[in-house]
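Enquirer: Hints given; two lone chains; assemble the complex.
In case you want the letters, here they are:
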Amino acid sequence: MAVANEVTQQPIPQRSLRIWVQDKALSQVGILFIILIVTLAVLASSNDNFLTSQNLFNQGRLLAEVGLMALPMTFIIITGGIDLSVGSILGLSAILVGYLWDTVGLPLEIAVVLAVLVGCLAGFLNGLFIVRVNVPPLIMTLATLAFYRGLAQGISEARSVTGYPEWFFGLGQGNILGVPTQLWILFIAIIISAVLLARTTLGRTLYAIGNNKVGARFSGLPVERVTLLIYTFSGLMAGISGVIFVSRFTTTRSDMGSGLELDAIAAVVLGGTSIFGGKGSIIGTVIGLVMIQLLKNGLAINGITSDATIVVIGSILIFAILVNNLIQRLRKTE
Amino acid sequence: MTAITTAQPTSTRFKPLTLLPLVLAILVFVVFQFMPFVNQPERGSTTLPVLTENRANNELELPTSGLILIPIAAGTLFLLGLWNLANEQIMRATSSMTALVGIIVLEYYVIFVMDYINKGATHLGSMGIAFWALLLLAIIMIAQTVLPRPRVEREFQLRSLLSNQESAIVIALVVLLLTVGISNPRFVSTNNILDVLQGNAYIAVAAIGMSMVIISGNIDISVGSLLGLLAIVSGRLVTSGAPVWVAWMAPLIVGPAIGAVIGFVIAYLRVPAIVVTLGMFSILKGILIIWTNGERVTDMPTEFFLAQMRPLGISMPIWFMIVLTILAAIWMRYSPVGRSFYAVGGNADAARLSGISQRRVIMQVFMLNGFFVGIASVLYATQLTIIQATPPPSLELFVITSAVVGGVSILGGKGTVIGAMLAAILLNTIRSGMIFINVSPFWIQAVQGILILITVLIDLLRRRRQAV
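From first to last, the protein sequence lines stand for chains A and B. Under the numbering used here, the first sequence has 219 at position 220, and the numbering climbs by one with no breaks. Under the numbering used here, the second sequence has 339 at position 351, and the numbering climbs by one with no breaks.
For reference, chain B alone in the conformation it holds in the complex (with noise of 0.2 Å):
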């Protein structure tokens, strides 16, 4: 089977079941049209008085009938899926009903959208960039859908970009905000969008190094502690009346040096990373306590705040957050550097054999990663009036969860950070989005766990019908 499948791409036969979720989609979304709260306000719909209620209200909750939507396509999404899974078709599948539930969401917001202009509305606005992102990956979704699988020599087409981890978030990215969104539509608001990720980057540019770390076969517990210890060095220096340059600076030599003791133990003292980490956890948090004597710092210099700058509209953690993780995309990818790690991370043995110093990869992992940690730090400290004295809770766990989630093999030697990086978007929209459709604040923890397991055991599924 395997042999039959590498000589000659199945794909190229046809089989007219793959098209049943299209044509079941299509079919669900030709009944929406003739639904009477739709197309036809007029006629008794829901969504104008439910509409002119909240106006009063200053709500822009949508009519709760609509709601009932999106049980019918998640079942049906769910059992195609399990269907599918029997017929190798899980993408195609899983892509049709994402599409569907898109559309008609997107069908929901055009004609609401439409209400409120004839109602003379105000804060149409406020929907703008999320309405046209997800008209255009619905229209990637469908595109998907129907296009043909590339064959195998021209790798580079949209279909193979699209059926990788990268994609896959996205599609998860997706669906979470246009359920989530049908519920409660500020949360797919621009400025919501926008704080989620302005709140988070750090996040994000933190899980760059740490994807490189397990790309390269080891793993760093200690991230949080040294976050949490870079923040305070940066914002220290600065209230001791150092230029706010040096305070930004700081960080991104501090935590190198610190990644290089870690690589320098790892590497040539052959302690295992995750022992010498979990100590560096426990050494850097006491030294930030001691050190801090549990005070925080505040009173810094408005010029500090540099995660409160907005060139362009945007805040600064997105710029870096999208900046940093492109270039190490990129670096990653076609320097040898970059290459070196997965070779060290895939097979050390081989790697050695080619010439690949398994010390310097380590040397290099652990100071990229203590750099990033440095950005990261500095966002973090500078997104708020205050630096707090512990490192940020779990922290550690956010991070290697993201990497994990974005793809990146626990057992080294794959994955890519822009996985980790969306996957850090994922985890935290998740987690955003559970108070916009009010998730009791004591469950959401115990939901984030289910959603992480979720995500990780259809990654699973998925690789292993890859493998097959």
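Chain A extracted, bound-state conformation (with noise of 0.2 Å):
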């Protein structure tokens, strides 16, 4: 739209660059950007914690988690699926690291790749049973997430592991260059995840697919090959997470994680991606992270309960896709 706009405006460049801001910030990701800016604002005014690099670097290692698992969830939900079972994947990576540390014995590195490779190996499954056998995924990914938080209680039976070596608590508590060590990792994840979704073919075969697989299937696009690539792509994420989950909480526990499936499907939706696939974008995915974990954060600065909070999140949820939804038919009609 914008590409077309610059072209044909060209010997006009004023009224063009007009148009291209008009277009940008009218743009689901614009509002969004517009949104957090005003949310940003508002909260930095109402209290003077708020706006300190201290404060926005802590509230970076606590959104690391959720944001390593909704940049998979975008790629999921842009093809039109969803995939709940993250939040149990992250818990069972989490119970594994502590298992095959201390209960079988293996040397903390080894434990940490194969809580990993667990969860990667949890990612395929899902996405397995719903390629090969056309399970619809939220069915897929219902049924596993009460089977791998199931797993999880299982080989923990509700004890926990702690007393990790120094070295570990890096991960999820240590800085480098004055940065979070976490926040580095979502950094590169979501460069990564951002390039691929909009300059590679793997990219575009997403979208392709959300909006129409079986044109997609037709057009020779390798659809289950990606579908089957994404889910696994989201189940190494969210046993990333787990991994610093561990890391940050220093302890184990089985019911690490649970919920936040929603928080990362939250993020994205509110992110601008269409739950119905076929649109969204990593940018509008990293905003709607951060002003949710903003939000949360503000209001409990502002000595708003956390259970408020949630209410707050609830109705910007709904009512952030609301606005977007009445600018984008009004654009429309125009």
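Honestly, the hints are just simulated from the structure, not real lab data. Incorrect hints may have been included.
If you want a taste of the chain A side facing chain B, the calculated C-beta under 10 Å gives, among others [to be verified]:
#1 Val132
#2 Ala142
#3 Gln152
#4 Ile154
#5 Val268
#6 Leu269
#7 Ser273
Chain B residues, not near chain A, derived (Cβ > 12 Å throughout) [stated by the list, open to error]:
#8 Leu161
#9 Gly229
#10 Trp233
#11 Ala248
#12 Gln296
#13 Arg298
#14 Phe308
#15 Gln346
#16 Gln376
#17 Glu384
#18 Gly437
In this text, a Cβ means the ideal position worked out from N, Cα and C, and glycines have one as well.
Expert: Put into structure tokens, the structure is as follows:
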């Protein structure tokens, strides 16, 4: 849209810039970004402790795990699927780190790698059934949500593992160049995901699947392989999040990460990705993530309880989609 | 192939091989009669000693040697199932084998009961209803195997009645009752079965509303939060001095009201259902916790406990579950509004072109869902002496899974409320059954996840075969 405008309006640069700005500002991501800035301004003006690098980095730590899961979730939702099992995969990987290290007695490095691999495998299993047996993603991941969480409970038997070596906490509590370690991981993951989605054939395939699965297949796109890949990717990210979670909390419990799938989905949907597939972007998801986390934090700083915060977040979720729908509809009629 | 099948059913031709499972079933049954531990208690039967020993411990355990039959029957069932997958006779094979398992276990029970009588039993009555129900179901299943397939034009026959999702669940339920029952007979005692039904009836009631929502092509993730909130509304009302009937009725008004809000946002503001209900999930949960401050409600007056009443000897939740399911099933099948839910869920465009207002359907569906959640919340609030201030954990998953396992297509347009109710019962029986066969409580959720997965897979395979 923007490109077309620039080309046709070439002789009058000012006007084209205006239209370009208007176009960007009124796009899904643009509106979100404006809402984010407004939220930031309101929160910052109401409390001095909010807009400090200390506080913001701390919030970054908290959103990293959900963030890592929200990236593949964006891919999956763009293809018209959904993955409800990520929170459970996170729990399973977290438990496995403790179990393999403490009970089985493996070195912690190997335990971590194995835990991430199991996360990968869990995602692969989801993808395999969805692709090969044609189980609807909602059903498949609903079943594995119970199953993986059950595995975590069964393996841990309600015991928690603590006493990890000092170096392990660097992942979840340490800093690199003054920035929390897991934020670096998240940054890298965001950049890779954004490039994958926007600039590669794989990314275009995801949109194609979401818009018209049958059409995508007839165009010779590897629909099955790509679907399998993104669910595996989702499992991998959930596995990594699980390890970070353990490192941040310094302990493992089998109920870790329950309900995080809803946080991840909320961030993705808030970021303008259509739940019906075919539309969405990584940058939108990132804005959605940041917005939810800053709202949580900003409201907490201003003395609002976390229970009231979830009311606000729920309302924002519905409201953001609502406003966006209205604006997009108005633009269409113009 | 498809064309031929529809034009002239292949079932009119007689295929001798299809009777193989039945023959095998009869064979196994005959062999079973000559096993030493069955009919000849005087010749070293394992039944009696174990029986007397256990009676001292006040336990009703069956002899462990009988357990070996279950793996054999299950193995045969499994192999035949695989073999028949390639031969388009899955229903016949499964039903034959199920019947076999059923009849063997039944015979076992008869002998067990007769021994018990001879030895002057006192606890016999506890097996009454379950025993006769199982006998009846075994007879139905044998009939299903033996009876010829119905002709296409005469749809309403026993066999077509049996070869759908609902009967698949009933069969699964019976197999479950039998296999768990043989290792721990107390599981199939009338009291336990009624306990399982009573304790989870509210989930089945909520599943009725959920299946309507899913049939119309929507979804509701907020049921757990809504149910928790409505239960507290009811409890708070009665403890603050309102008459009991007001406390019972309030959720039935508040529920549809919240449903109307959800429906309005979906239908008129065009926000996708999954987004709205995901948001409502947080909003309602937050409101619940802020309002109650995490304090549970106690000290309700005794006449408030609706779920503990037992008219005609069967407790109230079971009455509610059965009556509501029957009413909802009839209404969904025969009323224009019920049909319009299927129409919109099956093909929204076609429904619109035939003059059905999609907006109105969405409003109706979510208000009805609120109503059923309201009833479920009253049952939930009145079954124990305390009402928790947090929503029942992952209730929405149970309710959605019940609807889906019950044959409601997640894509909309297909399914019945009866299936959803039966599936809710099945899932809860699985959970309860695992406790009875001493599955470690830590592993229960994993086993349940696998069983849900298997149920869904079998259902998918079966439907694909029907489509072919």
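Enquirer: Tell me the hint numbers this structure goes against, listed in increasing order.
Expert: 17 and 18
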